[in-house]
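Read top to bottom, the protein sequences are chains B and F.
Be aware that the first sequence starts at 0, since it is given in numbering that gives the first Met the number 0, and climbs by one per residue.
Be aware that the second sequence starts at 0, since it is given in numbering that gives the first Met the number 0, and climbs by one per residue.
Read the hints as simulated data drawn from the structure, not as lab findings.
Mixed in with the good hints there might be a few duds.
The following residues of chain B were derived to be distant from chain F, with all beta-carbon distances above 10 Å [stated by the list, open to error]: (1) A156; (2) P194; (3) K199; (4) T232; (5) I236; (6) R263; (7) G264; (8) Q288; (9) R289; (10) E331; (11) M338; (12) E359; (13) E372; (14) A436.
Simulated crosslink set (DMTMM-like; lysine to aspartate or glutamate; CA at most 20 Å straight-line) [to be verified]: (15) B:K209 to F:D57; (16) B:K209 to F:E18; (17) B:K107 to F:E26.
Given the structure is predicted, the values throughout are model-derived calculations rather than measurements.
All residues carry an ideal CB built from backbone N, CA and C; glycine is no exception.
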Amino acid sequence: MQETNEQGTAVEQSKPLDDLMQKVAEHKGCGTSGGSGKASCGSSAGQGDLPTEIWEKVKNHPCYSEEAHHHYARMHVAVAPACNIQCNYCNRKYDCANESRPGVVSEKLTPEQAAKKVVAVASTIPQMTVLGIAGPGDPLANPEKTFRTFELISEMAPDIKLCLSTNGLALPEHVETIKKFNVDHVTITINMVDPEVGAKIYPWIFHEHKRYKGVEAAKLLSDHQLRGLEMLTEAGILCKVNSVMIPGINDEHLVEVNKAVKSRGAFLHNIMPLISAPEHGTVFGLNGQRGPTAQELKALQDKCEGEMNMMRHCRQCRADAVGLLGEDRSAEFTTDKIMEMDVQYDPEVRREYQETVEREREAKVVAKQAELEEIAGEQSDIRVLVAVATKGSGRINEHFGHAKEFQIYELSTAGSKFVGHRRVDLYCQGGYGDEDALPTVIRAISDCHAVFVAKIGGCPRDELKGAGIEPVDGYAHEFIEQSALAWFKDYLGRVQSGEIEHIDRGDAAIRQGAYVA
Amino acid sequence: MAYKIVSSQCTACSACEPECPNNAIREKDGTFIIKPEKCTECIGYFDDPQCVAVCPVDDTCIIDNSYPRYEAAV
Ligand code: SF4
Ligand code: SF4
Ligand code: SF4
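Let's have the full structure, built from the sequences with the hints guiding it.
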């Protein structure tokens, strides 16, 4: 454990990354604002109970490995606007709610434009390792566009992994083609295995030239989803399942869904909260269907956890976001700009960058391990949640007022566990604290005992304390989990000595709206 | 003899375009349109007009009353 408390050391250590990033940017002859790896989330999540061959496949995957999420990025291209089913949480004026939130429209691209965009981004952002086709619409309801895009990319940039997200209706008929294009993994959104439940989520589907409704439609959809999942498993293609948690409709049922998809070989199950507001214009939004609270979501995820690997770091990012999660550089890659770019794809520069990233990651894991060994001697039933302001790379390196979201970790004597993100409205815009925003931030993290920041102003510090949340800035620029565990050990000590009393915290609100930055 | 698309409602999702058995649908100025002289209301092909069945927005693909109803050649 070589970390010191001094800010300088930490900054030093992350410098090679910045340098390399700059080098890459210069090499490509296009400007960069100097912002390097700005990731958003992650945790130590290790291999856990995953079989080794799957772990090998997912460990560097930003969508599947919480820890890789810090260092690698994926991008989406919107080539598939048509859909073959209707979901009550979707308003197709906007993007597919399965992968992103209503409210932001992606730029529609032809397969040729999409391929050029991917290569341009991958040349500029070496962390970009995964290309996904998701919404708006369903990739498999647009098979020609989807597979043409894959074909072009696999020719131009063969080191990029391909993935797609689907509602599953057309999946069985396309498994062969998916295999042929060497698609790395498929995400199926499965919200139910009981057609009675399904009828409340899907008003209709379009299948073999006919519109089916109600229970009949839901049954067809469910049959295809599960059969598609089985076929993918058999073909050796990684398969993740997404579920949207809709309180009162499928919340309890999702435990059953979890069992059904696990038994058919899904390797990860991602339960996402329904995001619903009247202004989204969705059926659920208009009829007042609410989304789950943070505690409800976590309780359900915990219930399913024994069943299989749960994915808690999904942030429902925008379908055409570019860059590391939490950082959207899509404005640099609009269709006009891409078509003018003279792109040269250099796998060597990408590889060099990725090797540097690997070294950073290893340092982080070692640091956490050391802290874990220290805490191993402690005995306590206390579990707390803490919020962390971070720009990425696994460090506490964001100013409280600049944080657009917080990472949430659960701490106990068993260690630290990443449990999700909380988005907040920007508290500080251009250096001025916005008085109205602070209560929103506090509501979003009100189930936390502490918030870790690189820096915090005097006024929010007092208000946080008043709300019972301890602001912690003593670990600025250090590794998140190592610091959180050190703080937790100290916290336990203070409880034991009677200096403070441990009180359980309440629930927190999930912010509604698209994640765009 | 034809269906038409209410352009103010069309999301330009393109779902209808490949479903039309007569190739009557295409994109124009950001939304989709039906060429009335090509549309057969899907008669002779399918039980339901395909554009209506696949369109995500209700009442967007509708009968155009300015054309007489299509009748399949006997
Ligand atoms: S599958 Fe996606 S695009 Fe289709 S209706 Fe559902 S949420 Fe919307
Ligand atoms: S009704 Fe049938 S033939 Fe006419 S435009 Fe629609 S899909 Fe095409
Ligand atoms: S299916 Fe409906 S919304 Fe989509 S392009 Fe056709 S008319 Fe427009």
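A quick look at each hint next to the structure:
Non-interface call for A156 of chain B relative to chain F: holds, since the shortest CB-CB distance, roughly 26 Å, exceeds 10 Å. Non-interface call for P194 of chain B relative to chain F: holds, since the shortest CB-CB distance, roughly 20 Å, exceeds 10 Å. Residue placement check: K199 of chain B keeps its beta carbon more than 10 Å from all beta carbons of chain F (closest about 18 Å). At the 10 Å boundary, the C-beta of T232 of chain B stays outside the reach of chain F, the nearest C-beta of that chain being 29 Å off.
The claim that I236 of chain B is not at the interface with chain F holds, since no C-beta of that chain comes within 10 Å of its own (minimum 26 Å). Listed as outside the interface, R263 of chain B is consistent with that label: its C-beta sits roughly 29 Å from the nearest C-beta of chain F, beyond the 10 Å cut-off. Consistency note on G264 of chain B: stated as away from chain F, and its beta-carbon is indeed over 10 Å from all of that chain's, at 30 Å minimum. Every Cβ of chain F is farther than 10 Å from the Cβ of Q288 of chain B; the closest lies at roughly 19 Å, confirming the non-interface assignment.
Listed as a non-interface residue, R289 of chain B keeps its Cβ farther than 10 Å from every Cβ of chain F; the least gap is roughly 24 Å. Against the 10 Å criterion, E331 of chain B stays outside the reach of chain F, whose nearest CB is about 25 Å from its own CB. In this structure M338 of chain B is separated from chain F by more than 10 Å, as the shortest Cβ-Cβ distance comes to about 19 Å. With a closest Cβ-Cβ approach of about 42 Å to chain F, E359 of chain B is found to remain outside the 10 Å limit, as its non-interface label requires.
With a minimum CB-CB distance of about 55 Å to chain F, E372 of chain B clears the 10 Å threshold, and the non-interface call stands. Under the 10 Å C-beta cut-off, the non-interface status given to A436 of chain B relative to chain F holds; the minimum distance is some 33 Å. The hinted pair formed by K209 of chain B and D57 of chain F meets the criterion: a straight-line CA distance of about 15 Å does not exceed 20 Å. Proposed proximity of K209 of chain B and E18 of chain F is supported: the alpha carbons are some 11 Å apart, at most 20 Å.
Using a Cα cut-off of 20 Å, the hinted pair K107 of chain B and E26 of chain F holds, with the two alpha carbons roughly 13 Å apart.
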